[in-house]
Amino acid sequence: MSKLTIVSDDPYICYIDNFLTPEECDFMISKSIGKMSNAKVSYIDSQKDKYESKYKGRTNKSYWMDHDKYPESLALCNKIADLLECDYKHFEKFQMIHYGVGEEYKYHYDGYDKHEKEKYEKYCKERGNRLLTVLVYLNDVEEGGETGFSKIKKYGGTIKIKAKKGRIVVFHNLHSNGEIHRETMHAGLPVIKGEKWAFNLWLRER
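Residue numbering for the sequence shown follows the numbering used here, starting at 3 and increasing by one per position.
Treat the hints with care, as some may be off.
Said to hold, decoys possible - Cross-link-like lysine-lysine pairs, in silico, DSS-like; alpha carbons within 30 Å at most:
{"no.": "1", "residue 1": "Lys-63", "residue 2": "Lys-127"}
{"no.": "2", "residue 1": "Lys-5", "residue 2": "Lys-37"}
{"no.": "3", "residue 1": "Lys-156", "residue 2": "Lys-167"}
{"no.": "4", "residue 1": "Lys-33", "residue 2": "Lys-195"}
{"no.": "5", "residue 1": "Lys-153", "residue 2": "Lys-116"}
{"no.": "6", "residue 1": "Lys-166", "residue 2": "Lys-108"}
{"no.": "7", "residue 1": "Lys-153", "residue 2": "Lys-108"}
{"no.": "8", "residue 1": "Lys-91", "residue 2": "Lys-127"}
{"no.": "9", "residue 1": "Lys-71", "residue 2": "Lys-153"}
{"no.": "10", "residue 1": "Lys-95", "residue 2": "Lys-81"}
Claimed, not checked - Derived DEER-like restraints, expressed as beta-carbon distance ranges:
{"no.": "11", "residue 1": "Ala-77", "residue 2": "His-117", "range": "35 to 43 Å"}
{"no.": "12", "residue 1": "His-110", "residue 2": "Asn-179", "range": "15 to 23 Å"}
{"no.": "13", "residue 1": "Ile-35", "residue 2": "Pro-73", "range": "27 to 35 Å"}
{"no.": "14", "residue 1": "Ile-35", "residue 2": "Ser-178", "range": "38 to 46 Å"}
Source of the hints: derived by calculation from the structure; they are not laboratory data. On a predicted model such as this, the values are computed, not experimentally measured, just so you know. Here a beta-carbon is modelled for each residue, glycine too, at the ideal position from N, C-alpha and C.
Take the sequences, apply the hints, and build the full model.
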């Protein structure tokens, strides 16, 4: 495992290379093949038409895997929880994700805006908001497929984190007062050559 690299201190974004072994990466991919379906986004009932039939901002595929689906996946979940010094039960399920050539997830937030009351109530009532995003890349992408952050004022341009096998990326979604950190807007940039396998693991407040 490599040392921690801090990409931004506000919002806090960091990564560690080789956090997952090649064998762990290959295992998670192997258990997702054949189970993927078109990835969805969060929406409220009044937005159903937009996000179910017309929304083109997310074109990748995904699959939700329980933490304890396999002994290996539970061990991996605990490994990440140990890194973050948290209880793995505060994580959502693994969201396994796959991007083919040209597929992307356009700029968005992972956290929920508490001022969008209907949506916040729907997605945060039970477990609270998404405090942290954990993103782990499971293969090397030949070209494209980076995670891009476009609103970090300190750096005056888009920060791109390359998709590299075994790399874990962690970033905070909220300010300490629970407000969305607007500079965490990010995208899964289009894959130009090859394919991209990864997973998200979101840490909830409870």
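Does the structure keep Lys-91 and Lys-127 at a Cα separation of 30 Å or less? Holds, at about 16 Å.
Would you check the hint for Lys-5 and Lys-37, treating anything up to 30 Å between C-alpha atoms as holding? Violated, at about 34 Å.
Next pair to validate is Lys-153 with Lys-116; report whether the Cα-Cα distance is within 30 Å. 20 Å, holds
A range of 15 to 23 Å was offered for this pair. Does it hold for the Cβ distance of His-110 and Asn-179? For Asn-179 against His-110, whose Cβ atoms are near 21 Å apart, the range 15 to 23 Å holds.
Does the structure keep Lys-156 and Lys-167 at a Cα separation of 30 Å or less? Since the Cα atoms of Lys-156 and Lys-167 sit roughly 28 Å apart, the hinted pair holds (cutoff 30 Å).
Can the restraint linking Lys-71 and Lys-153 be considered satisfied, given a maximum Cα separation of 30 Å? This hinted pair is violated, its Cα atoms lying about 37 Å apart.
Pair hint outcome, Lys-95 versus Lys-81 [Cα-Cα no greater than 30 Å]: Holds. Lys-95 to Lys-81 sits at ~15 Å (cutoff 30 Å).
Beta-carbon spacing of Ile-35 to Pro-73 - inside the hinted bounds 27 to 35 Å or not: 19 Å, violated
Does the structure keep Lys-153 and Lys-108 at a Cα separation of 30 Å or less? Holds: Lys-153 and Lys-108 sit about 14 Å apart, inside 30 Å.
Can you tell me whether the CB distance of Ile-35 to Ser-178 sits inside 38 to 46 Å? Holds - the Cβ-Cβ distance for Ile-35 and Ser-178, about 40 Å, lies within 38 to 46 Å.
Is the hinted pair Lys-33 and Lys-195 satisfied, with a Cα-Cα distance of at most 30 Å? 23 Å, holds
Within 35 to 43 Å or not, the Cβ separation of Ala-77 and His-117? Distance hint for Ala-77, His-117 holds at roughly 39 Å.
When each numbered hint is compared with the structure, violations occur for hints 2, 9, 13.
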